[in-house]
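One-letter residues, chain by chain:
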Amino acid sequence: MTIRLRIILCFAILIYFFFLFLFLKRKMLSLKYTLLWIFAGLSGSILVLFPELLDFIVKITEIHSTMNGLFVILDFFLILLLLSLTAIVSKQTDRIKSLVQDSALMEKRIRELEYNLEQKGKS
Amino acid sequence: MERKVLIIIPAYNEAKNIEGVIRNLTEKTPQYDYIIINDCSKDETEEICKINQYPYITFSTNIGIGGGLQAGYKYALEHNYEIAVQHDGDGQHDPQYISDVIEPILKGQYDIVIGSRFLKKQGFQSSMFRRWGIRFLSKLVYICSGAEILDVTSGFRAVNKNYIAYYAKEYPQDYPEPEAIVSAKLNGAKICEVPVIMRERKQGKSSINRFRSIYYMIKVSCAIIICRLTRRRKS
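Note that the protein sequences, when read in sequence, are chains A and B. Per my numbering, the very first residue in the first sequence carries number 15; after that it's consecutive. Per my numbering, the very first residue in the second sequence carries number 56; after that it's consecutive.
Treat the hints with care, as some may be off.
Said to hold, decoys possible - In silico lysine to any residue, SDA-like type, Cα no more than 20 Å apart, as pairs:
id, chain 1, residue 1, chain 2, residue 2
1, A, Lys122, B, Gln164
2, B, Lys105, A, Lys46
3, B, Lys274, A, Val103
4, B, Lys245, B, Leu174
5, A, Lys134, B, Gln108
6, B, Lys194, B, Lys105
7, B, Lys105, A, Val103
8, A, Lys122, B, Leu284
9, A, Lys105, B, Asn264
10, B, Lys224, A, Asp116
11, B, Lys105, A, Ile124
12, B, Lys105, A, Tyr129
13, B, Lys274, B, Ile189
14, B, Lys224, A, Ser104
15, A, Lys46, A, Leu119
16, B, Lys274, A, Asp108
17, B, Lys224, A, Ser117
18, B, Lys162, B, Gly243
19, B, Lys105, A, Asn130
20, B, Lys224, A, Arg109
21, B, Lys224, A, Ser112
22, B, Lys224, A, Gln106
23, B, Lys105, A, Glu128
24, B, Lys224, A, Lys134
25, B, Lys105, A, Gln133
26, B, Lys59, B, Tyr165
27, B, Lys216, B, Gln180
28, B, Lys105, A, Leu127
I should point out that these hints are in silico values taken from the structure, not numbers from a laboratory.
Please model the complete structure; the sequences and the hints are all you need to start from.
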């Protein structure tokens, strides 16, 4: 990895972390869902700070160039993040379903109570 | 002693059918309670329920047939019903068979009873392609759970108290019928079929059109296989 590329990547990672912490500070992200993003950023920093590690990975996996190795690692994290997002969406859907059901059941009870009160008032 | 029976009627855009269905139901089986589950219909289903003072619950957003039925089971559980019967709101099912469907449960022989079109092969039998699809799913259900059911997609079914609680807690989503059989069977349910005669829907379209049927087959097959792989068989 050339020095120039390392400097550019360092900046990119710094910007990445800047936005991550800005979002966290403004409570636009909850920490629970950010852990994987932080982990991905840290892994990226390690690879940039210690490029020998990336070279080593590229060598044992027989990937042709260092940049390709970086792409593969990045792809891996992206897929992992997408999977975790799908998991979160599924869970939210399940919770919304449950809420809609419970509120509908509650609405029926209220409707019945109102009706009974009305009937009592009339008699 | 008469046991408490609740008929769960899921309805999505059934304004044209629902009055006929309820009239038929209250004429033929006045002894049973019923509840309409309005899954945020876009037509006047809710207004019709309100004007006629039918017992109904209504969702603020569309959550699909699985979520609707689960809410019905939750209601049955809350109100201590001993048997719940699923009965479509589109006029395909005939209430005169409700007593046949709950009979094996009353005798205590079975936990879940499914009303089947294919046992006596009378009445509306669906198109050839659909019958092939259903036969395939039926085989798949048998392989994955051991339940020998011909009409796995039938939405006409009765469930005892244990499985009201089971389904209230967890009911498959999207196209839930075959998967609900597999999950209950793997949980140790005793399931049987009784013959019923179904009619073709009176008004409106089926929820599954030709283009969706391929998606339906893939989705349901996957759901059944995943259900088998992720659940441990009890008893």
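Hints, verified against the model:
no., hint, in the structure
1, A:Lys122 with B:Gln164, "34 Å, violated"
2, B:Lys105 with A:Lys46, "44 Å, violated"
3, B:Lys274 with A:Val103, "19 Å, holds"
4, B:Lys245 with B:Leu174, "18 Å, holds"
5, A:Lys134 with B:Gln108, "18 Å, holds"
6, B:Lys194 with B:Lys105, "43 Å, violated"
7, B:Lys105 with A:Val103, "34 Å, violated"
8, A:Lys122 with B:Leu284, "38 Å, violated"
9, A:Lys105 with B:Asn264, "29 Å, violated"
10, B:Lys224 with A:Asp116, "12 Å, holds"
11, B:Lys105 with A:Ile124, "14 Å, holds"
12, B:Lys105 with A:Tyr129, "12 Å, holds"
13, B:Lys274 with B:Ile189, "14 Å, holds"
14, B:Lys224 with A:Ser104, "17 Å, holds"
15, A:Lys46 with A:Leu119, "32 Å, violated"
16, B:Lys274 with A:Asp108, "18 Å, holds"
17, B:Lys224 with A:Ser117, "16 Å, holds"
18, B:Lys162 with B:Gly243, "18 Å, holds"
19, B:Lys105 with A:Asn130, "15 Å, holds"
20, B:Lys224 with A:Arg109, "13 Å, holds"
21, B:Lys224 with A:Ser112, "10 Å, holds"
22, B:Lys224 with A:Gln106, "17 Å, holds"
23, B:Lys105 with A:Glu128, "14 Å, holds"
24, B:Lys224 with A:Lys134, "36 Å, violated"
25, B:Lys105 with A:Gln133, "16 Å, holds"
26, B:Lys59 with B:Tyr165, "17 Å, holds"
27, B:Lys216 with B:Gln180, "31 Å, violated"
28, B:Lys105 with A:Leu127, "15 Å, holds"
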